[in-house]
Amino acid sequence: GLKASFTLEYALYLDQNSGIGNSGGPNARQQFVALSSGKLGSVALGHQYAPGHDASTNNSPFGGSSHLSPQAILSSDAGNTITPASGSHWNNALAYTSPDFSGFTGKAVYGFGESSLGGYNNASTTDNGKFGLGGNYANGPLNVDLVYQTRQRVNVAFPNPAGMGKDIDEGYIGASYDFKVVEVSGSYQAQNDKNITCMDSATWTLGAVVAVMAASRIHFGYGRTDWNQGDNAATGMLNGRSEIYMLGWSTSLSRRSSFYAGYLYVDNGQDSLGVSPSGVGAPGESNQTVLAGIRHTF
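Heads up, the numbering used here is the position in the sequence shown plus 58, with the first residue counted as 1.
FYI, nobody ran anything at the bench for these hints, they're computed from the structure. Here the structure is a predicted model, which means the values were calculated and not measured. The beta-carbon is built from N, C-alpha and C at its ideal position, and this holds for glycine as well. Hints are all accurate, no fakes.
In the EDC-like style, the derived pairs of lysine to aspartate or glutamate whose C-alpha atoms are separated by at most 20 Å in a straight line are:
hint, residue 1, residue 2
1, Lys252, Asp284
2, Lys97, Asp158
3, Lys252, Asp227
4, Lys224, Glu172
5, Lys61, Asp158
6, Lys252, Asp225
Derived DEER-like restraints, expressed as beta-carbon distance ranges:
hint, residue 1, residue 2, range
7, Leu66, Asp227, 26 to 34 Å
8, Tyr154, Met271, 39 to 47 Å
9, Glu343, Leu66, 39 to 47 Å
10, Ala166, Ala319, 37 to 45 Å
11, Ala166, Gln89, 16 to 24 Å
Model the full structure from these sequences, guided by the hints.
Okay, structure coming up:
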């Protein structure tokens with residue numbers, strides 16, 4: 059039969075006593091209403107994840123962690139929407155998710171732009187609109203994700219001429235396989251920015267999670283982003299690369315609680331954006347991050 063549901067999901071930052079009630083950014087995770095059927099799939103309306111959010115989380119050695127996943131850090135700094143970060147949280151979105159067909163599910167999302175561009179009354183609803191299409195195959199130890207996402211006629215602010223923005227297209231392929239003792243994963247994604255900023259980039263990652271003792275795991279991760287602004291950028295050129303090396307540890311404390319810790323080393327090329335998991339990175343420089351935490355599921 060048909061079932062109605064709703065989701066209200068927010069982030070809470072214990073170190074800052076902030077997060078709930080803040081609009082925009084990573085604080086507002088998902089807020090939507092939905093109708094679902096086991097045979098027909100589900101339709102949802104509201105602020106929700108694009109297909110790239112789940113895909114990038116599926117194929118990372120530390121899931122969608124914004125501070126431990128090389129893919130999450132690099133894709134966020136590159137301005138991608140195929141990311142676990144806030145770029146994949148879409149406003150005013152209509153989403154359809156298919157039923158499970160022997161391990162395959164599909165998801166299509168459209169986020170209406172609703173952009174007046176500050177001073178224009180003739181802006182189309184397709185200005186700053188977003189469309190995403192994703193397919194996932196999860197059967198036994200194998201997981202595979204394919205994603206295409208686009209931002210339509212991107213206009214950021216008045217006085218940019220209404221309707222003059224161009225699309226930003228993204229593609230992603232990722233996979234993981236669980237060998238029981240070790241789970242390996244990898245992904246590749248690219249962004250094609252047709253605007254004058256020309257923020258083209260390509261990111262690839264590799265990861266492994268090794269089971270040790272009864273309830274612990276060692277996490278390894280590597281990721282690299284190459285920027286390619288060419289000669290088309292209005293100011294400056296990003297034609298360098300950034301690399302991240304990650305080593306982490308997690309262990310179960312109880313049925314619902316776990317401890318984790320990680321170390322990241324970031325190496326930014328001279329003509330890169332200057333990536334950093336926390337704070338501000340600098341082109342041509344490296345930075346290091348150490349973090350730890352406790353996770354409890356309800």
